[in-house]
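Chains as they are written, first to last, in this note's numbering: chain A, 1 to 703; chain B, 1 to 339; chain C, 1 to 382; chain D, 1 to 102; chain E, 1 to 174.
Be aware that one or more of the hints could be misleading.
List of simulated lysine-lysine pairs, BS3-like, C-alpha gap at most 30 Å [what the hints assert, rightly or not]: (1) Lys216(C) to Lys143(B); (2) Lys89(D) to Lys143(B); (3) Lys143(B) to Lys43(C); (4) Lys43(C) to Lys247(C); (5) Lys336(B) to Lys319(B); (6) Lys100(C) to Lys247(C); (7) Lys171(E) to Lys143(B).
Simulated from the structure, these hints should not be mistaken for lab results.
The residues making up each chain are set out below.
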Amino acid sequence: MDVIWLIPLLPGIGAAVNGLLGIRFFSKVQTAVVGCGSMGLAALLSVYAFVQLLGSESRVHDVVVATWIPPIALETVDGIGAFAADWAFRLDPLSGMMILVVSGIGLLIHIYSTSYMLSESDAGYARFFCYLNLFCFFMLTLVLGANLLVMFVGWEGVGLCSYLLIGFWYEKQSASDAGKKAFLVNRIGDWGFVLGIFLIFFTFGSLDFREVAAGAAAMPIEAAEFGVISLICLFLFVGAVGKSAQIPLYVWLPDAMEGPTPVSALIHAATMVTAGVYMVCRNAVLFTHAPMVMTIVAVIGGLTALMAASIGLTQTDIKRVLAYSTVSQLGYMFLATGVGAFGAGAFHLMTHAFFKALLFLGSGSVIHAMNEEQDMRRMGGLKTFMPVTFVTMLVGTLAIAGIPPLAGFFSKDEILFRTFLHNRALWILAVATAGMTAFYMFRLMAMTFYGDYRGPAWENAEGDDHGGHDENGGHGAWHGPHESPPPMTGPLMALAVGAIVAGFVGIPAALGGSNAIEHFLEPSFVAEAHVEGGEVAAGEAAEEVHEISHAAELGLMALSILVALGGIGLAYRLYIARPELAEAWRARWAGVHRVLLNKYYVDELYQSTVVRGTMSGGRGLWRFDGRVVDGAVNGAGWLTIVSSWCSQLFDRYAVDGAVNLIGWSASESSFSLRRIQTGLIQNYALVMLLGVFVFVSIYLLVQ
Amino acid sequence: MVDAIVIPLLKIVILLNAVLVAVSYLVLLERKVIAFVQSRLGPMRVGPHGILQPIADAVKLMTKEDITPARADRWVFTAAPIMVMVPALIVFAVIPFGPEVELFGRSVPLYITDINIGLLYIVSVASLGVYGIILGGWASNSKYPLLSSLRASAQLISYEVAVTMTLVSMILMAGTLSMVGIVESQRDASLWFIFAQPVAFAIFFIGGLAETNRAPFDMPEAEQELTGGFHTEYSGMRFALFFLAEYANMIVISSVATTLFLGGYLRPFPGVEGLAFLDLIPAWSWFVLKTFVFLYVFLWIRATLPRYRYDQLMRLGWKVLIPIAIGNVVVTGVAKVLL
Amino acid sequence: MSGNETTTMKVETPSPMFDTTEMVLNMGPQHPSTHGVLRIVLKLDGERVLDADVVVGYLHRGIEKLSENRDWTQIILLTDRMDYVAAASTNLGYCETVEKLMSVEVPRRARYIRTILNELQRIGSHCLWLGTHAMDIGAMTVFLYAFRERELILDLFEEYCGARLTYNSMRVGGLPLDIPPGWDKKVNEFCDIMDSKLTEYETLLTHNRIWLERTKDIGVIDGPEAIALGLCGPTLRGSGVARDVRKDEPYAAYDEFDFDVPIGTRGDTYDRYLVRIEEFRQSLRIIRQAVDGIPEGPIVGKVPRLIKPPAGETYHAVESPKGEIGFFIASDGRSTNPYRFRVRPPSFCNLQGLPRLVRGHMVADVVALIGSIDIVLGEVDR
Amino acid sequence: MLEITPTHYLVLSAGLFMIGVIGVMVRRNIIIIFMSIELMLNAVNVNLAAFSQQWQHVTGQVFAVFVIAVAAAEAAVGLGIILAFYRNKETVNIDEMNVMRW
Amino acid sequence: MAEAIVFYGLAALILGFAVLVISTRNTVHSALYLVVNFLLVAMLYVMLGAEFLAAIQVLVYAGGIVVLYLFVVMLVNLKRPPETHQDPRRQTRLGLALASALLAELAAIIVYSATGESAPAATAAAAAGADIAGGNVEQIGMLLYTNYLIPFEVASMLLLVAMIGAIVLAKREL
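For reference, chain A alone in the conformation it holds in the complex (with noise of 0.2 Å):
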């Protein structure tokens, strides 16, 4: 265990190699090899690492490679503290459900992607591999990391990998705007979270999560006022929201999708969106110790999860449809943190890494299919072309619509109870989402799969299955769609078995289960000095479970479960057993139809508020200018003229004579002042001279 720092290096080297050898030298198969060579040996030692972790007692693990920061003296809250970092990795639970999640679904996708991404050059197929690695680096680095700073670094660093693989194709201008704008936006995020940090320093001297949260720990709860932990955990929020896309930073996430689709899945569905998540489960005990700011994020959690599910309900674009999605269920785990449910939000956090993943790689295949169509009223009927697509994305949209058994449905479940006891109104929130969830998934579904086949024609009417790829694995023209080639469906076969699967680590205690992954999760989020007084929030809250009866639990369930089938059944009336209801509910609905199809005008309002205002600001920075700084000087003039109206004398000989003079003066004293200037290194060395001496002089005679 003691070589976990190997497991984020690995896909480090991995980039590097490609970086700086494989975008010149290398075939694809060699950058293929390195790329999902260097992920394999990561995930082999996640999987090494984890079961090692299992078998320990203590349950956590900490490596320290090396001092990154030497101890600095830095005012803190108590005096002078040691600002100090090392390159330290923590093997915990939680970390160690991260690392397998990241290299494992990392993995899939990088051998997924060694098909995908055949179409580009050799250069632009090793410069993706060696983003991707480097993207791969950055995640496990900020998941392993033992402090905020590395945690930092590892933020930062997906951020950066975000940013180059959301323009991939930066030929494409949408696609570099569409990076800039992740950027930007993650900025404000960044911004709160480096403030947080310089915070949580001068707050309680360290970095390390175990020393803040033991600190904190030792402080009381802030149940009324907004004390130093609360703005901490805001600030620490405020930067989840810009890395997980929530209200109201969510709009960089849609956009997003100009990357690759491996890349969506992995980064902008699986692993780096959840970043946020996992800061806030990582500072759990801070946020226990916040309940008021656990409130907001409760809210902002449910409001973004049912604001995304509705824009979802309306948009065409697949992509953009999983990613509204992505950010609806970025809002569940939000809502799961925020009522004290770290546990499930990191649940959910998993299940949702494969299923989104999966439907994402299955989008991908369905567009690769299309070539390059995105737009769902252009497919249908695909379902008999690529069957293994089809089955696979049905399981992934079974799974996060919440149907038993399949692992969306634990931990959505295990959320909404949560939610339950803790807050009504959220509550009927979440369960709107949900059926919304399930609405618009099966009407992705319907629309892609089902139906009439509504795309263009393709040259050759017969269609096989692999007649899309030509000796060199390149596109040649175009064949209609056709089934993906095994790298694509291999993952996707094994993503399904995830997102069936992952759920039975969590079967709760009603459906005769151990809810065995928040069991196993909680010695992440509680202080290590548990034993004292002050039993943490956490703990309290997964004691509260027990006390409301099972029956309630599996009525709950049943109730999701109905909303689920509710929102299915309703998807399959209007997209596949009456098509023209569709029309008719959208006719009708018009306004509302607009209204969401825009995005509730969520850009436009950026874009006329904070966009604008800036413009407008220095628009009128500009009329000012014009106006007021002008108006004085035409003013000015104004009562010159007047003035020397009243008195031409004074104007002709006083007024005119001393402009003359002043320019007289001006262009006679620069044609004796440009002599100064003769261009003679020795004329102003001799300057220099004169200077030195006189300085010289001067402390001759003071002395």
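Dock chains B, C, D and E against chain A, hints included.
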């Protein structure tokens, strides 16, 4: 008084004479060795087997007319050979020919001085030798000498970098800059450093060939190309100084190489007790023997190999030797830290 | 040829324009590596040759004009002084031309001996070439080795005709002397020695890294361009043109022996070197065949005491070690002198390719290239 | 006077420095001016070495090493500029290097 | 006593050669005097117990920088003497006068302050440790690689930049 002034002075006198005699006989040795390689006999007329040839040469050179070209810079023209000769000789001040020995009841070290920056001293003094070559070529006011002096100085400076780099790795090995210290550290390690640093040795040797303008790097004085190089316009004693300086430099390089890589005055296998009987042979004779081996290889190479071209020489220096030397330093450093 | 001769040097201002880059360097006429009194005016950029101007004529003795005032036998003596390292080949070329003009039949024994002499001469000349070429590139030992073997050839010639350099070894219609007894055996012994020594040369040079670096890709010239420049002999064959007078227009007894004409592939200095090295072997092959098969018979054909060819003109060429040496002779049929005498000297023709070869190379390569085209100034200037 | 104190070195250094200054002020050949600058840097180094001895601490020598490094860099770039200038104007007279005024 | 003789001798030679450097017409001679000057200064360093500095002085200054000067002097193959053209506005005399005055002032200050407070704190510092006699090289190395590591790296970057700059400037076409 005796220890402070008389003995060092005596040593200096003896050493200078020995070096100069060695240099002149090195010329004879070269002629003989190359003659034997080429199945000739070499000088045979002056004395038995020509052993008095150096004396005859010296007489000839001293009595020859000393020509100064018409538009040469007279002072620099005269100073240049001296500026080549002097650095070649003063390097010997720090070369240990043997350990301290008992002579007439006194303990006398067989070296003139042992300063703590010995190796640095050698490098810096050696770097002065290039002046004579540049100025000799320039002062001749002639084209071939100028061309060859530019060649020579570029060559010297380039190869000095590589050689100095190998010296850095030697310093890493020995942990001292003192020449005696380096020899003694080889005794402590029971190992000639040539076995620990074969790469450094190879680079030093090649660089040494180039720094002394010996074949196959003798293009500054390639008579087939530049009609003799920077000393084309020289004759008589001033030419002789250039000539002797080249051979003195060969001896310098050989003795430095002996000290650094072949254990200086140590016997072979300094750590093996079973060979202790070899200590009966005086230490300085080991030094002379090893130096002689080096010199022999110099001559042998001259007789065997064709000459590099100037650009090939520079490429070898900058693109092959210097990178390898730097790599060697890195490897040595890493090994030093890890082992 | 070598040693520290003082070099005259003349500084020429290249152009009225100010220029720090170009420099004019006078190489020769007294320079250790110009193989005689050749002068090359090099225009240099640093050490890179921008242009070269070959100045010849320092050894001009007017042999062609002199010949028009000598009788036909005396001219043989003059031909010795042209290619003085391959006098026998020049002798042969002249004698065969006159024989062609007079339509004299040369006895078979004489033709065999002429062939032997000619090939020995070729080996001797190549020995000198190899030695000086290697010396120019800095391999001084090869020079002495090659001269050691050349000495054996000179001994053989001395034994045959008494001279060591200017043999005067042919006569119109045959030979002046028959071979001494036992000479053929000595020639055979020499062939065996030479075979082993060739391996020695090749050990020193052929695979030597420095030698390869100095000769490979230096002075590359392809076949058509070489023909266009009028190159001949090994220099031409190095560029891959299989032109050899001995094969193409056989003379003496060459049509009776087996031998190959080696040709190069890239046309660089190394190829020319390899071609000549192989020519050593082929010459030895011819000599062995000839020595074993010397027929009995007279050594002089039916030639009148006073040689006076009928009026007419003719051109005849033989393959000298340097290349194709041709004689154009016109006779008016009345006088005892040629009316017009003109030589096509291979060294001269090859030398005019030098500026083309050295352009873009370094000064050091100029020396290597002069060596590689193998010139003799006596023949260039005549 | 017979005991050599750091003061002696300082006076020597000041003299050397001023000779350098005079060289810069008086000469027109820019190469000589560069040499004068080297003289001045040397004067500084003498100072540093003298202080180093006075305080029995090698920091002064360390600084002298830096000065030498800077001098090397200065010489390389400066001479490069001289060469480039010479190629264009065929002069090294500093009085003719005045195209940058006005 | 001996030290004083050596010092005054060296000082005289150093100043003399410095004067020669700036007063000689021939640039090559100037460079030669510069080399001699540097070698003498190196001897001064040896007197001051700075052997390493002396070696570096010889190696870098004498063996490197001045060679560079010589190269340039040779490449700049002047067809007319460089000192022909004199700008009338250069105020050479003023510069000379100022420099001399400044020298006088400096000497006055130094001598004055030296006599004012004799016995510099050298002994105290020596007592505090830091014996510079023995491992001079080692100590400089230690300082360079610890306290002055960053300046050291910056200096190496400077040299790299200077190298690139010199190549770019001197190369005729890139």
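Going through the hints against the structure:
1. Straight-line distance between C-alpha atoms of Lys216(C) and Lys143(B) comes to about 29 Å, which keeps the hinted pair within the 30 Å bound.
2. Pair hint Lys89(D) plus Lys143(B) holds up; C-alpha atoms about 24 Å apart against a cutoff of 30 Å.
3. At most 30 Å may separate the alpha-carbon atoms for a hinted pair to count; Lys143(B) and Lys43(C) meet this at roughly 13 Å.
4. Between Lys43(C) and Lys247(C) the alpha-carbon distance is near 40 Å, which puts this suggested pair outside the 30 Å criterion.
5. With a C-alpha separation of about 26 Å, the suggested pair Lys336(B) and Lys319(B) falls inside the 30 Å cut-off, and the hint holds.
6. Between the alpha carbons of Lys100(C) and Lys247(C) the distance comes to roughly 18 Å, so the proposed pair stays at or under 30 Å and holds.
7. Taking the CA atoms of Lys171(E) and Lys143(B), the gap is near 23 Å; set against the 30 Å cutoff, the hint holds.
Checked against the numbered hints given earlier, the structure breaks only hint 4 and satisfies all the rest.
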